[in-house]
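Sequence lines, in order, name chains A and B.
Per numbering that gives the first Met the number 0, the first sequence starts with residue 0, numbered consecutively.
Per numbering that gives the first Met the number 0, the second sequence starts with residue 0, numbered consecutively.
Honestly, the hints are just simulated from the structure, not real lab data.
One should not assume that every hint holds.
Only part of the chain A face toward chain B is listed, based on derived beta-carbon distances under 7 Å [as the list claims (entries may be wrong)]:
no.	residue
1	GLN42
2	VAL48
3	VAL52
4	GLN56
5	PRO57
6	LEU59
7	ASP62
8	SER67
9	LEU68
10	VAL70
11	ASP83
12	LEU84
13	LYS89
14	ILE90
Keeping only pairs whose Cα atoms sit at most 16 Å apart, straight-line, the calculated EDC-like set for lysine to aspartate or glutamate is [what the hints assert, rightly or not]:
no.	chain 1	residue 1	chain 2	residue 2
15	B	LYS398	B	ASP446
16	A	LYS89	B	ASP88
17	A	LYS89	B	GLU150
18	A	LYS61	B	GLU56
Virtual Cβ for every residue (Gly too), placed ideally from N, Cα, C.
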Amino acid sequence: MSVPKLNVADVAGLARLSLTPDETTKFSSQLSQILAHMETLGQIGTGDVPEVVPPAQPALRKDIPTPSLTVEAALSNAPAQSNDLILVPKIVE
Amino acid sequence: MSSSGNWEAVIGLEVHVQLRTQTKMFCGCINQYGGAPNSQVCPVCLGMPGSLPAPNEEAIRRTILTGLMFGCRIANVARFDRKNYFYPDMPKNYQISQFDDPLCAGGAVGLDPFLFPKDLQETDEAKAKRSIRLTRIHLEEDVAKSFHYEERSGIDFNRAGTPLMEIVSEADLRTAGEAFAFLGSLRQVLLSGNVSDADMEKGQMRCDVNVSVRPVGQKEFGTKVELKNLNSISGVRRALVYEIARQIAAVEKGEAIQHETRRWDDEAGATFTMRTKEKAHDYRYFPEPDLLPVRTDQGLRAAAESGLPELPAALQDRLMRENGVTAYQASVLAADRILCTYYEKAALGTQHKAVVANWILNDFLATQPEPASSPVRPEFFGELADLVAGGTINSAQAKKVFAELMANPSSPKALVEKLGLAQISDASALGVYCDEAIAANPRSVEDYRAGKGNAINALKGFVMKKSQGKANPAQVDEILKAKLSA
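Using the sequences plus the hints, can you model the full thing?
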């Protein structure tokens, strides 16, 4: 069975993780094993199996307002705040 | 404007539209602009661990309605997906959006010639009435609003989680004027369905533009550039005019176009590099495990269908066909629902519907731009048109009545009396004036009888003067001719 390729350095970058070269090598081999294991699922033919959709539309929420948090409560976990805004490091894309 | 010589532009738009709902997309916080910062938030829209989204039925209905208005295919089963990326305006680290199974696919936006910029309305590109294909319309949640300071950014989560529709066009647009007309036509339909207020200057409609250039006749697309910071429909046009010219100048000099995002600076009237796109974003979309697929075939689609409005194109056709208004007037009326409702009320009780359109669009709007709050009741226009058509007043008198109507709104019939304007159509009274005219102008009488038809005008003028402009001109003409040939 072919082992799917995974670029661990890229994935770590997307997840904002910094890995040492040793960790990159170690996780590459571990993740390859995990992916190879999951590949087993690909051996089952599912072409004829109809897609499962819910038999009925689950209840959706009516468009009716419910109370929000107080500003104090909303900001209570914010490490930094000013003028009721949550302050974060400056990020301008 | 898009093509200098042998080049043509290829333009595709991604338009984000804020839906008009009471509450947010996945929680019951109110969806309203302008609240005190972070006063319209809860664990769901703050992205707290353990909170669960509950989809807003009305937002889904309005998105389906939008799809129906643009002739999209409505998915029987639609799904939500997670779009993963890190940014402080989105604390869950993913945005709930739709990827593989959006609510609406396909469809098209017809370009209304009168929604091109004024200076292009008489051109072939406006008259072509092109139809621009849509790729898809999907529903997602908006992100929070950021304010950037010297060293930090501040975040207000009131906007986070509000319902946002993304409308994606095919790369069918070829000119800046077409992009302008596309956005205007799109907005007009959205307004007619009461889906959104869709005002770009208020951020209710936001637009990203993809644009490239290629030699005319070439099938392959050139390297595309994405434009951002476009805050008005005319800004989109100006940005495209600049960017298309920039790209053509570059390729003519043999320079390669960079695949990049450029920022439009409206004051400078130019675009500037924001970032180059070295590789495509990898958002790792996957199905949102907290939400079941949406079945539109069990009531949602039917509910949306029942809300289908008369679309602007159909409305324009009807007004031209049934009311006899011009194509331009029909387009002005269709572009403004409040004005159109006012006009339709005004025209309801009269046969002279085109005359009413003239009064309202040419004269009334000039003095009272907000018809909804005007003290002038719409029925007054129909009454005024009937007074002219019935011969009670002539068109010169109607102008006086109109001026009085604007100054002191009340029934035109009452105003005619108040101003002492009623036209004299009483044959015996007019006969007296005509006799006087004949007696006082022997020279004109002689000329007329000698075959100078125009000589009768002097007699008519005499009667009009004597009657202080109140004589019915058509009747005076008849009576004079009868008397002179006797």
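So, going through the hints one by one against the coordinates:
1. The interface hint given for A:GLN42 is broken, as the beta carbon of that residue sits about 22 Å from the closest beta carbon of chain B, more than 7 Å.
2. Checking A:VAL48 against chain B: minimum C-beta separation of about 16 Å lies over 7 Å; hint violated.
3. With a cut of 7 Å, the hint placing A:VAL52 at the interface with chain B holds, because the nearest CB-to-CB distance is about 5 Å.
4. Hint status for A:GLN56 relative to chain B: holds, with the closest Cβ pair at about 4 Å, below 7 Å.
5. Taking 7 Å as the C-beta cut-off, the interface hint given for A:PRO57 holds, the closest approach to chain B being about 5 Å.
6. At about 4 Å, the closest approach between the beta carbon of A:LEU59 and any beta carbon in chain B falls short of 7 Å, and the interface hint on this residue holds.
7. For A:ASP62, the interface hint holds, the least distance from its beta-carbon to any beta-carbon of chain B being 4 Å, beneath 7 Å.
8. Restraint check, A:SER67 versus chain B: the minimum CB separation of about 5 Å is within 7 Å; hint holds.
9. For A:LEU68, the interface hint holds, since its Cβ comes within 7 Å of a Cβ in chain B; the closest pair sits about 5 Å apart.
10. For A:VAL70, the shortest C-beta to C-beta distance to chain B is roughly 5 Å, which falls under 7 Å, so the interface hint holds.
11. About 4 Å separates the beta-carbon of A:ASP83 from the nearest beta-carbon of chain B, less than 7 Å, and the hint is met.
12. With 7 Å as the threshold, the beta carbon of A:LEU84 comes within range of chain B, its nearest partner Cβ sitting at about 3 Å, so the hint holds.
13. Taking 7 Å as the C-beta contact cut-off toward chain B, the hint placing A:LYS89 at the interface holds, the least distance being around 5 Å.
14. Checking A:ILE90 against chain B by beta carbon gives a least distance of about 6 Å; that is within 7 Å, so the hint holds.
15. With a CA separation close to 34 Å, the supplied pair B:LYS398 and B:ASP446 exceeds the 16 Å bound.
16. Restraint check for A:LYS89 and B:ASP88: the C-alpha separation of about 12 Å stays at or below 16 Å, so the hint holds.
17. Taken as a hint, the A:LYS89 and B:GLU150 pair is honoured in the structure, with Cα atoms around 6 Å apart against an allowance of 16 Å.
18. Taking the CA atoms of A:LYS61 and B:GLU56, the gap is about 6 Å. The hint holds against a cut of 16 Å.
Hint check: violations occur at hints 1, 2 and 15; the rest are consistent with the structure.
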